[in-house]
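Kindly generate the complete structure, drawing on both the sequences and the hints.
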Amino acid sequence: MRFSLALLAALLAAPSVLAQSASLRGFITDATDGQPLIGANVALRPLSDPETLRGASTDLDGLYVVPGLAPGRYALSITSVGFEAVRDTLTLAEGTRQLDVEMTPATQGVGEVTVESERVAGSANTDAGRLQIRAEDIKSVPAPDVSGDLVNYLVSLPNIVTSGDRGGQLFIRGGEPTQNQVFLDGIPVFQPFHVLGFYSAFPADLLQSADVYAGGYDGRFGGQLSSVLDVTSRAGNLREVSASGSMASFVASGSAEGPIVRDKLSVLASARTSTVDPVATSYVEDDLP
396 MRFSLALLAA LLAAPSVLAQ SASLRGFITD ATDGQPLIGA NVALRPLSDP ETLRGASTDL
456 DGLYVVPGLA PGRYALSITS VGFEAVRDTL TLAEGTRQLD VEMTPATQGV GEVTVESERV
516 AGSANTDAGR LQIRAEDIKS VPAPDVSGDL VNYLVSLPNI VTSGDRGGQL FIRGGEPTQN
576 QVFLDGIPVF QPFHVLGFYS AFPADLLQSA DVYAGGYDGR FGGQLSSVLD VTSRAGNLRE
636 VSASGSMASF VASGSAEGPI VRDKLSVLAS ARTSTVDPVA TSYVEDDLP
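Numbering (the working numbering), first residue to last: 396 to 684.
Simulated from the structure, these hints should not be mistaken for lab results.
Accuracy of the hints is not assured; some may be wrong.
[Stated by the list, open to error] Subject to a maximum C-alpha distance of 20 Å in a straight line, what follows is the list of computed EDC-like cross-link-like pairs (lysine to aspartate or glutamate):
| no. | residue 1 | residue 2 |
| --- | --- | --- |
| 1 | K534 | D625 |
| 2 | K534 | E635 |
| 3 | K659 | D625 |
| 4 | K534 | D606 |
If you're wondering where the values come from, they're calculated on a predicted model, not measured in any experiment.
As structure tokens, this is what we get:
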């Protein structure tokens with residue numbers, strides 16, 4: 396009997412206890428466009444007990460709810476990244492109080508930030524099966540021709556060798572030369588390596604970059620079994636007409652470039668020829684095979 400009376404008293408007292416609590420709710424929005432602010436933090440500290448902290452964060456609609464508060468005076472703090480903090484004091488009575496707040500974007504920002512970076516040479520610079528070569532890389536490798544040559548750089552890489560005999564070819568990862576494909580600006584180039592394998596049709600001053608795919612290349616390159624060499628030529632001079640030439644032990648080369656429409660369209664031409672035949676025929680009566 397006593398237990399039943401105690402339970403009844405507790406049930407009767409519960410509504411009065413709940414009625415003595417307060418809660419705070421509302422929406423936090425951007426003062427400039429009225430959009431809800433997600434993840435804004437609402438903190439309440441009783442002035443009578445500053446060590447106690449109650450709070451909540453706004454949801455996708457900018458709604459916050461802080462329930463179960465004791466009636467009294469509170470210090471309110473609302474913060475959100477990129478917005479001016481809102482601080483105030485308020486008195487909460489029994490029941491639910493609605494407090495909607497518009498936050499002003501912070502006027503203080505960071506200064507100009509400049510990010511500079513350079514492409515890292517080596518394997519960290521490549522994705523699977525691809526090695527990118529720049530004109531500066533080609534010029535860093537000694538070559539008989541003063542302008543540098545792509546084939547001299549390629550043979551300095553692992554798993555790439557060149558054959559002897561005239562019209563040398565590249566062997567990449569053990570594949571036959573016929574299993575390689577060379578492209579210049581997307582156009583297939585056949586027999587690009589000449590003169591004992593010392594030179595190719597690509598002097599360094601003609602190139603912007605070259606990508607070597609030793610495996611894992613996509614379908615746009617066709618069905619080559621060994622490798623793909625994708626060469627991209629640089630743009631010609633858009634302001635001035637210029638020309639250059641060089642002669643080495645076995646090859647002579649020259650290039651010319653200039654604007655067709657200033658600052659809009661240019662042309663770049665490059666040519667190479669072997670000096671072996673003219674020099675050899677002066678010493679050998681028979682034509683070279």
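**OP:** Give me the numbers of the hints this structure contradicts, sorted from smallest to largest.
**Re:** Hint check: 2 and 3 fail, others pass.
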